[in-house]
Amino acid sequence: MASRNDETTFGENVHIYGNVKIGHNVTIGDSCIIYDNVIIGNDTFIGPFCILGEPLKDYYINKNYSNPPLYIGNNSIIRSGCILYAGSEFGDYLETGHRVTIREHSKIGIHCRIGTLSDIQGYVIIGDYCRFHSNVHICQKAIIKNYVWIFPYVILTNDPHPPSDTCIQGPEIEEFAVICSGAVIMPGVRVGANSLIGAKSLVTKNVPDNVFVLGMPAKIIGPITDIKCKNGRLSQPYPWRLHYDKGYPWQKQE
Amino acid sequence: MASRNDETTFGENVHIYGNVKIGHNVTIGDSCIIYDNVIIGNDTFIGPFCILGEPLKDYYINKNYSNPPLYIGNNSIIRSGCILYAGSEFGDYLETGHRVTIREHSKIGIHCRIGTLSDIQGYVIIGDYCRFHSNVHICQKAIIKNYVWIFPYVILTNDPHPPSDTCIQGPEIEEFAVICSGAVIMPGVRVGANSLIGAKSLVTKNVPDNVFVLGMPAKIIGPITDIKCKNGRLSQPYPWRLHYDKGYPWQKQE
Amino acid sequence: MASRNDETTFGENVHIYGNVKIGHNVTIGDSCIIYDNVIIGNDTFIGPFCILGEPLKDYYINKNYSNPPLYIGNNSIIRSGCILYAGSEFGDYLETGHRVTIREHSKIGIHCRIGTLSDIQGYVIIGDYCRFHSNVHICQKAIIKNYVWIFPYVILTNDPHPPSDTCIQGPEIEEFAVICSGAVIMPGVRVGANSLIGAKSLVTKNVPDNVFVLGMPAKIIGPITDIKCKNGRLSQPYPWRLHYDKGYPWQKQE
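Residue numbers (the numbering used here), protein chains in the order written: chain P, 867 to 1120; chain H, 867 to 1120; chain A, 867 to 1120.
Any given hint could turn out to be false.
Put simply, identical chains are the same to the list, so a pair is met inside one copy or across any two.
[Unchecked claim] Calculated cross-link-like contacts (lysine-lysine; reagent style DSBU-like; alpha-carbon spacing at most 35 Å): (1) 1094 x 1112; (2) 923 x 1118; (3) 973 x 1085; (4) 923 x 1094; (5) 887 x 1094; (6) 1071 x 887; (7) 1071 x 923; (8) 929 x 1085; (9) 973 x 929; (10) 929 x 1112; (11) 923 x 1096; (12) 887 x 973; (13) 923 x 1112; (14) 887 x 1085; (15) 1118 x 1011; (16) 1096 x 973; (17) 923 x 1007; (18) 1118 x 929; (19) 1112 x 887.
Hint data in this document are derived by calculation from the structure and do not stem from the laboratory.
Could you put together the complete structure from these sequences and hints?
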């Protein structure tokens, strides 16, 4: 396997443009492309076939285009085939799956995980310790607070009258919220703290804190604390932070 | 960044097979693979890791396989990681996201945009000025007219009794129709001109022109002209072409 | 096109790590990466940009990490951009689309087809002659028997109380079942033999053998033998194996 010493390791056929800064003990995989003005922290792993600092649309139009900086933090694992656009900023301990796309002007906190094939459309703010599973679609202007979980094929939308230029409103997802597989969040909707959005729900209205909603359109089923464990292995499944600590600041030492 | 002069620029490790014709002022990104019989117009940008002229299934079976031609037009932007099969034809001013797959025997008009991870299964006819967002799935034999919008995770299907060989019927989407995120269009369904399909709808029957449908199964809510703007920024959201002109032939000069 | 003689053909810029065994008449596409302990059978085609033997999470943590073996069979076609993790095992005659991800400790039978962008999360057992269309999401610990069909954007889920560590229960899909586009199968659910899950259904309870279910939540509509052909081309659409034999052991000679 690739050697991991204290210095940076470059794979084969890596293509690095100008003004790139790479920290200590970084691995850059085969065939990676790193465009202008990318900054990578220490102890970070970049898998093969990644594109870092992907240029914005203006690059194709404007002869004087200058690539805005992309900041990648320390201790991160960015798996193969990811495309991170120029102009975004990632906190330390990022971990991605494969072939993730994250567009420009996104600000992502520390200890986030973003699953394979997820598509983050740019101009988003994502807090710390967020975990997105595979194939999550985050629209422009979404705001996602700390400790949010989003499961596969969830779609956050921002245009109430598509196509429009003037109506865009990103959804806002509060701390500890959980959005289950295949749910769609409509434009401008606020999902309350600790709330749980059931699989395949269409969320058309604001969701209060601490409730479970489900359906198309989603309706409030009740407080999350009323949810019973289906197979008896948990005394109380929600709020989830009371029984799940893996990788979180409140993780117990064993 | 890559220089853009009047001549063609090849990235590193580009692999070009036989009988490829490339126009003036074309950029071919790193590690691209261009198979036999690909024709690329002028002033076109091909991002890294693209595969153009991907061979058809017969290539793996038939020793005498010959790759049908792929035509890519002028003034196009094909972003990284796209796979365009042999035997398709694209009009000028195509713009794609990343890792789009478009299979054989597809005919796509001018000024189309096809978003990241979209998957077009081949044998389709797509008109001019169509705009597909990320992760759109277009089945074989679909017919999509001019000025259609399709949003993320929409699925067009063609088999009423899967799996079958004998029942395939592609849907037909008429001009100016809008299909919102997560909707599924059932086989052989016609979506009428200007009509709006709400998010997550399951469209099982033909949709008349000029109506808004929603639900699972989708039902007619009313004429599109009855839709009011939720945040008051538009006097009448639909038909959308009356207020949205960005990049269209009816765009006003500023 | 790539020459196909009796010996193995390596594309350009292929990167092969240690202890890799490759059979006769194998084609390895441009820029492929093959990590430690990969075994490839005879007469197999690996498209460009594939990663075989992708290391497990432990690789990033443990200095003494050793890559478990990946077995790829004979007569397989693995199209471009696929990522097959170390520690999985594939039967002969596998055929994939592009950019498929299959994680560790998966066991997949013979004659399976897995479509473009499908995402198999590992620790799954998949039988023989299964056919997954594009963009299928299979959760960890799913069990899928022989002759199952799964259509685009289907999601199999395994966590009844996400996020949890202790509740994981993979679904079980029985022989000849068909799951249509956009359906979601909830954790631990058993889908009966020959049964048909309608498009966009949310399957929350076990489905008996030989029935058609539909809706959100899915309800039994009736026995599959009651389904009539919508366009009159089939006398009885289900069970599908009575009229569809392409590529199956019961295929008639012509």
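Okay, the hints, checked on the actual structure:
| no. | hint | result |
| --- | --- | --- |
| 1 | 1094 x 1112 | within (22 Å within a copy, 47 Å between copies) |
| 2 | 923 x 1118 | between (46 Å within a copy, 21 Å between copies) |
| 3 | 973 x 1085 | within (32 Å within a copy, 40 Å between copies) |
| 4 | 923 x 1094 | between (49 Å within a copy, 33 Å between copies) |
| 5 | 887 x 1094 | neither (51 Å within a copy, 51 Å between copies) |
| 6 | 1071 x 887 | neither (45 Å within a copy, 54 Å between copies) |
| 7 | 1071 x 923 | within (33 Å within a copy, 39 Å between copies) |
| 8 | 929 x 1085 | neither (52 Å within a copy, 50 Å between copies) |
| 9 | 973 x 929 | both (27 Å within a copy, 32 Å between copies) |
| 10 | 929 x 1112 | between (48 Å within a copy, 22 Å between copies) |
| 11 | 923 x 1096 | between (49 Å within a copy, 30 Å between copies) |
| 12 | 887 x 973 | within (19 Å within a copy, 42 Å between copies) |
| 13 | 923 x 1112 | between (39 Å within a copy, 15 Å between copies) |
| 14 | 887 x 1085 | neither (50 Å within a copy, 56 Å between copies) |
| 15 | 1118 x 1011 | within (23 Å within a copy, 40 Å between copies) |
| 16 | 1096 x 973 | between (37 Å within a copy, 29 Å between copies) |
| 17 | 923 x 1007 | both (18 Å within a copy, 32 Å between copies) |
| 18 | 1118 x 929 | between (54 Å within a copy, 25 Å between copies) |
| 19 | 1112 x 887 | within (32 Å within a copy, 38 Å between copies) |
The structure does not agree with the numbered hints 5, 6, 8 and 14 stated previously, though it agrees with the rest.
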